[in-house]
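Novice: Spelled out, the chains give:
Number of protein chains: 4
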Amino acid sequence: MSGRHFLQIPGPTNVPERVLRAIDSATIDHRGPDFSQLGLEIFSGLQKVFKTSQPVVVFPASGTGAWEAALVNCLSPGDQVLMYETGHFATAWCNLARRCGLQPTLIPADWRHGADPDHIAAKLSEDTSHRIKAVCVVHNETSTGVTSSIIDIRAAVDRVAHPALLMVDTISSLASIDYRHDEWGVDITVAGSQKGLMLPPGLSFNAVSERALKASQSATLPKAYWSWQEMLQANKQGFFPYTPATNLLYGLREAISMLLQEGLDNVFARHARLAQATRCAVQAWGLEILCLNPQEQSNSLTAVLMPKGHDADAFRALVLEHFNMSLGNGLSKLSGKVFRIGHLGDFNDLMLTGTLGGVEMGLELAGVPYKKGGVQAALDYLTATAVHDKNRASVEVA
Amino acid sequence: MSGRHFLQIPGPTNVPERVLRAIDSATIDHRGPDFSQLGLEIFSGLQKVFKTSQPVVVFPASGTGAWEAALVNCLSPGDQVLMYETGHFATAWCNLARRCGLQPTLIPADWRHGADPDHIAAKLSEDTSHRIKAVCVVHNETSTGVTSSIIDIRAAVDRVAHPALLMVDTISSLASIDYRHDEWGVDITVAGSQKGLMLPPGLSFNAVSERALKASQSATLPKAYWSWQEMLQANKQGFFPYTPATNLLYGLREAISMLLQEGLDNVFARHARLAQATRCAVQAWGLEILCLNPQEQSNSLTAVLMPKGHDADAFRALVLEHFNMSLGNGLSKLSGKVFRIGHLGDFNDLMLTGTLGGVEMGLELAGVPYKKGGVQAALDYLTATAVHDKNRASVEVA
Amino acid sequence: MSGRHFLQIPGPTNVPERVLRAIDSATIDHRGPDFSQLGLEIFSGLQKVFKTSQPVVVFPASGTGAWEAALVNCLSPGDQVLMYETGHFATAWCNLARRCGLQPTLIPADWRHGADPDHIAAKLSEDTSHRIKAVCVVHNETSTGVTSSIIDIRAAVDRVAHPALLMVDTISSLASIDYRHDEWGVDITVAGSQKGLMLPPGLSFNAVSERALKASQSATLPKAYWSWQEMLQANKQGFFPYTPATNLLYGLREAISMLLQEGLDNVFARHARLAQATRCAVQAWGLEILCLNPQEQSNSLTAVLMPKGHDADAFRALVLEHFNMSLGNGLSKLSGKVFRIGHLGDFNDLMLTGTLGGVEMGLELAGVPYKKGGVQAALDYLTATAVHDKNRASVEVA
Amino acid sequence: MSGRHFLQIPGPTNVPERVLRAIDSATIDHRGPDFSQLGLEIFSGLQKVFKTSQPVVVFPASGTGAWEAALVNCLSPGDQVLMYETGHFATAWCNLARRCGLQPTLIPADWRHGADPDHIAAKLSEDTSHRIKAVCVVHNETSTGVTSSIIDIRAAVDRVAHPALLMVDTISSLASIDYRHDEWGVDITVAGSQKGLMLPPGLSFNAVSERALKASQSATLPKAYWSWQEMLQANKQGFFPYTPATNLLYGLREAISMLLQEGLDNVFARHARLAQATRCAVQAWGLEILCLNPQEQSNSLTAVLMPKGHDADAFRALVLEHFNMSLGNGLSKLSGKVFRIGHLGDFNDLMLTGTLGGVEMGLELAGVPYKKGGVQAALDYLTATAVHDKNRASVEVA
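Protein chains in written order, with our numbering: chain Y, 3 to 400; chain E, 3 to 400; chain H, 3 to 400; chain G, 3 to 400.
Careful: at least some of the hints might be erroneous.
If several chains are the same, the list does not tell them apart, and a pair holds so long as it fits within one copy or across any two.
Result set (DSS-like, lysine-lysine): computed pairs, CA atoms no more than 27 Å apart in a straight line [to be verified]:
no. : residue 1 : residue 2
1   : 335       : 238
2   : 339       : 238
3   : 310       : 125
Please keep in mind that the hints were generated in silico from the structure rather than gathered at the bench.
Just so you know, these numbers come straight off a predicted model, no measurement behind them.
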């Protein structure tokens with residue numbers, strides 16, 4: 003396959019050259035002075051990205067590990083956990099909680115809406131004995147392209163004055179969609195490296211509140227690799243209690259630097275604009291976006307329903323074969339029914355144009371019923387929203 | 003600027019990761035056994051790319067150096083050279099010939115057509131005393147996007163039975179547009195690394211015929227760095243007479259391997275298809291392609307005339323600023339009048355879609371009079387010509 | 003600091019250029035066909051490296067995670083585990099077992115000898131009710147430079163016909179010192195990426211026997227991230243149940259290829275020779291090797307006792323400052339008392355010469371009592387054992 | 003071959019990771035704004051490295067090209083040039099001058115001493131009609147390891163008040179040995195990228211004085227690729243008249259940054275110390291350094307005479323085979339008689355220790371008569387000259 007691959011799954015994302023090149027540096031002593039400086043820079047930078055003044059723990063692990071870490075550090079065997087079925091990943095986190103020895107309740111839902119704060123509040127208010135120890139929500143459900151309002155969920159929990167910890171999965175939202183660990187009163191934020199952070203997979207994170215730290219002191223689920231305690235102790239000097247994934251940390255330092263250089267608000271605005279252009283294209287094609295509530299449509303990815311009688315995975319295979327582009331597949335009950343367009347990470351207008359062009363050409367080649375004009379609709383939106391000075395823009399000869 | 007830069011000038015082209023990573027390897031002893039193997043592999047591979055059984059000389063230099071090398075190896079002070087004004091680069095080669103002490107004649111032309119074989123034949127037939135020692139033609143004029151027919155020029159020279167050497171610049175055609183050094187009877191082929199060969203700039207080439215080698219034995223223009231003689235001697239063992247650009251040679255080995263893996267015919271077909279899609283877009287925009295003869299429109303790049311009253315360079319600057327894409331500028335008398343879209347090298351359908359999207363959005367933002375639908379026209383052409391099995395393509399559920 | 007850093011801690015080791023460059027490649031879809039091929043190649047290659055026909059599980063995690071995985075997959079809360087105190091890491095594994103809810107017994111020892119098979123057999127034979135479910139041994143104790151004989155421990159367990167699983171940590175021995183998962187009857191082999199496998203840290207491994215797999219079906223310790231079950235299921239097609247550390251896997255493929263290209267026996271012989279040269283140097287300096295039994299002195303690293311009254315960490319800091327070399331520190335009760343020379347991984351005669359030169363010059367500068375001649379002793383050993391053809395070697399002019 | 007290759011030829015040198023990684027970046031538009039900034043940074047940095055306030059021209063070419071450029075820009079056909087036979091490269095430059103159409107005179111010498119200022123002065127004073135237009139000297143003769151005193155040669159020229167231009171080859175001295183283009187009154191300094199500048203080969207340089215620029219206005223040797231005129235014009239905006247070797251320029255920017263960060267004086271002192279340690283080793287082996295005058299022994303490389311009856315190339319082949327190290331060969335009349343140890347570039351104490359260890363072990367294996375102790379002598383010198391604070395150095399426990 004000639005030319006650049008378009009990796010348009012909703013993560014891992016297209017890793018920028020600067021980050022890859024940083025990772026491609028000689029490994030150093032993880033107990034030496036240079037490492038200490040690396041660690042301290044990273045911890046400080048991560049606080050800015052998570053918008054917290056509290057510690058952020060970094061695990062040499064995938065996001066699934068950070069889910070487990072959030073639970074095992076703060077909870078005890080048999081603890082009840084309230085979760086919300088936004089999609090495949092919320093369900094998977096619930097299954098993981100069960101395997102860890104917890105008693106999760108998954109509020110059932112249709113995978114086409116965000117978590118309902120009122121529903122959560124109702125469930126919590128029933129729990130008068132406060133047996134529920136944690137509420138777990140996925141901020142941006144990667145399997146469906148639906149974003150839930152964490153600020154509203156926090157308000158809902160507060161409204162019923164329930165003491166449960168609030169744990170939020172931001173794996174596909176952090177550094178793509180506005181997120182505020184401290185301001186929104188989140189206790190544990192779970193994140194991964196391979197989405198908005200623009201790294202390859204292999205690192206995951208827990209941002210922890212004071213309440214979460216306190217809870218961890220009495221929690222009794224067994225924990226070793228995931229334990230925050232030694233982490234936080236060693237992290238003070240920029241070190242880790244066991245060998246960290248040094249080269250990925252080089253990449254993390256570079257990625258944080260890129261994000262802060264662009265400015266987080268600019269990063270969020272860029273993602274919002276590219277996401278909206280994507281939705282313009284999907285609508286022009288006459289296809290249906292899985293997420294039903296426009297307010298909740300994700301700025302990280304868009305899940306598109308295949309017209310009845312057509313297989314999304316066959317479509318994705320055709321796109322890969324003809325256009326050297328990977329699209330995300332439908333997961334669990336969405337298998338074969340949706341394809342997902344990732345538009346997060348180190349991404350810009352022309353990469354999106356190519357991406358949407360690949361989808362539109364794939365629809366044509368695959369004989370899927372659709373209307374032409376999706377790419378055109380996206381171009382129209384992108385030009386209408388391009389930030390430019392009308393006067394400067396004129397290229398007329400004076 | 004977030005996301006990947008689109009380097010859509012007509013060279014240097016987007017260097018593929020495999021080539022960059024090859025270049026990023028430790029430098030080795032240029033007089034050691036590993037180097038010998040590297041050199042021999044490269045010389046053998048280059049013969050396949052140039053379609054020659056004759057030697058190909060590699061200079062640590064830009065293409066301009068290979069122009070000079072072609073002349074100084076085979077010609078003597080005051081020799082007459084017949085050149086054809088296909089555009090900026092043909093003119094530049096002519097100026098260089100003059101500076102080398104030759105007497106070049108540049109057949110004047112309008113920069114919108116290829117070299118005219120009849121015109122060349124006519125000039126040669128006037129030269130009954132055979133004072134013209136070389137005919138120099140640019141196969142693909144990078145400044146205009148016009149390809150000349152080398153086979154027809156060879157036939158024209160033969161028709162008038164003129165003994166002049168035929169020198170051809172393939173800097174922006176080699177490994178993009180079909181080219182056959184031996185079969186077409188070319189004496190010296192000049193090429194560079196940074197276009198179809200997908201390398202960064204820094205290497206250039208002379209493929210040499212037996213006649214050229216013979217001519218070089220009596221040619222008296224001073225030469226040292228460019229001299230073939232020591233080159234060919236040392237090359238037999240895979241070495242060079244002076245320090246070669248080792249790391250670029252690593253990249254060259256990788257690039258040759260990629261080209262041969264894809265198959266040269268597939269490479270040419272890919273370029274032809276992407277070029278045609280580009281021309282579909284330009285026509286849909288209602289803009290004018292500089293090259294007037296459709297048979298001569300280049301498969302490496304397309305030069306587009308800006309509508310009167312609009313400045314191509316201001317347009318390019320706007321595209322760079324908004325869309326992180328570099329387009330080629332108009333050179334010499336075309337300055338400000340054309341922009342050039344490079345569609346050569348390691349390039350595919352979605353990269354082209356992004357490229358054309360950037361041009362179309364730029365036209366909109368710049369207030370240039372144009373018709374929407376260029377990208378759509380390209381998509382239509384690309385899908386119509388996508389190689390696929392209709393049966394397999396169906397994604398209908400059985 | 004000019005010039006190349008000498009990373010002579012006993013892991014992470016000097017990552018070869020080929021591996022770093024492989025890691026520096028664009029991340030791909032972990033659910034696509036190219037990934038499947040990558041995964042299958044890796045699983046097949048790992049079996050050769052572990053010398054097993056059984057599956058090898060790869061975790062996106064450090065070695066500590068693979069310790070935890072070995073335990074939680076096969077054991078149940080309260081299970082007894084017999085461990086042997088070879089040093090810091092054996093002790094750490096024991097602590098981790100306790101935190102996982104197991105009841106480990108650590109056979110106390112002096113950190114200067116390998117695990118004693120008879121002692122283990124004695125302990126097991128006392129356990130007539132077979133409450134001990136696993137025997138855990140560190141093959142090469144990274145904190146002390148002592149290698150235990152796994153084949154003898156296996157024989158000891160067999161002698162007393164105890165059914166406990168045998169779990170072996172090969173973090174600093176795999177691909178450096180001969181190791182045979184199947185032939186030696188090991189049930190779970192734990193390993194990491196950053197030592198003999200020549201990768202940066204971030205991957206770890208469990209090679210599992212049929213008995214271990216069977217045990218895992220009834221084991222009840224909570225497990226999710228570490229669970230083999232979904233891993234082995236997904237691995238059959240080359241995939242993973244959650245996002246793997248794709249770029250490190252690129253490096254792993256390359257590293258396995260390098261090891262098999264050199265031949266594992268050659269790799270072991272190389273390490274043995276370089277280790278012996280190191281020991282020659284230490285003896286010539288008049289310093290004491292921590293490991294008292296020459297048969298058990300490690301071929302991966304050498305821990306050297308600092309003369310009384312001198313601080314090993316101050317010495318290491320001086321070596322780092324003057325000679326741009328990182329040496330390993332003393333861990334736990336050895337802190338300040340030993341320094342460790344790593345001589346494993348992608349390492350050769352001249353890198354060792356530089357390493358030992360740095361130690362010898364450091365001793366001189368630090369005012370540590372020692373005898374000159376360590377490097378000389380190493381050179382003598384290396385030349386005496388260089389594999390060469392005496393006839394060919396002569397450089398006399400005929 | 004396992005482990006890192008030791009590239010100890012006197013250039014190309016071991017390219018540092020930072021430089022290789024810089025080169026491994028996407029190629030950019032050589033006519034765009036980012037390039038302009040790159041160019042201006044490089045030109046400014048080069049002035050610091052050459053110690054000049056005059057322009058430094060950068061060619062996409064090897065050092066041989068910069069030799070040619072120096073001559074063809076300032077001289078006219080038949081001009082006399084005075085050169086000094088310091089060794090192979092001085093001779094090669096002379097041959098090149100002849101091929102360019104000049105009339106060079108090579109003052110014969112024994113290849114074991116630097117250029118003799120008095121001899122040059124004598125020759126110049128004989129030239130009362132000032133037909134000699136240039137004096138060409140190699141600052142550090144790479145084939146012999148002899149450094150000539152440029153300041154003394156300048157004084158000699160001045161003493162006889164001869165107007166010839168002074169051209170100096172600093173290919174293997176720049177950024178390794180103190181050199182001052184302006185202060186020493188040099189007219190043209192020739193340099194290359196692959197030695198002290200720590201880059202792969204492929205770039206070369208001309209630093210030019212005002213007198214040289216003035217001479218270039220009337221010089222009539224044909225020139226095109228090498229012509230300073232268009233270069234200097236384009237360079238003002240950071241651009242080049244033809245496609246530059248962009249990726250090598252990325253590396254150049256990084257290398258300059260590293261040199262200035264270390265400080266040129268520190269760079270020179272480092273090379274002087276490592277060179278002296280090398281000479282200590284050679285003397286201890288009882289071998290003879292080719293350069294007879296200790297004041298002129300090079301700090302970039304050391305050429306060592308093989309004992310009679312032994313072949314230096316067979317020795318080098320043995321060292322390469324056994325120790326993965328490349329040593330420099332004897333050139334021209336020194337072929338088989340000397341081997342050359344490069345100790346320049348990104349180099350430090352432990353790399354040198356490894357290098358000398360490889361030579362000493364090679365001598366032993368090759369059966370060459372020598373005395374042991376060369377490495378030891380180097381270690382003694384390196385420790386004696388290590389810059390350290392005696393108080394801090396003590397690692398005694400208080």
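Novice: Now tell me, hint by hint, if it's right for this structure.
Specialist: Comparing the hints with the structure gives:
no., hint, result
1, 335 to 238, "between (44 Å within a copy, 22 Å between copies)"
2, 339 to 238, "between (48 Å within a copy, 25 Å between copies)"
3, 310 to 125, "neither (36 Å within a copy, 66 Å between copies)"
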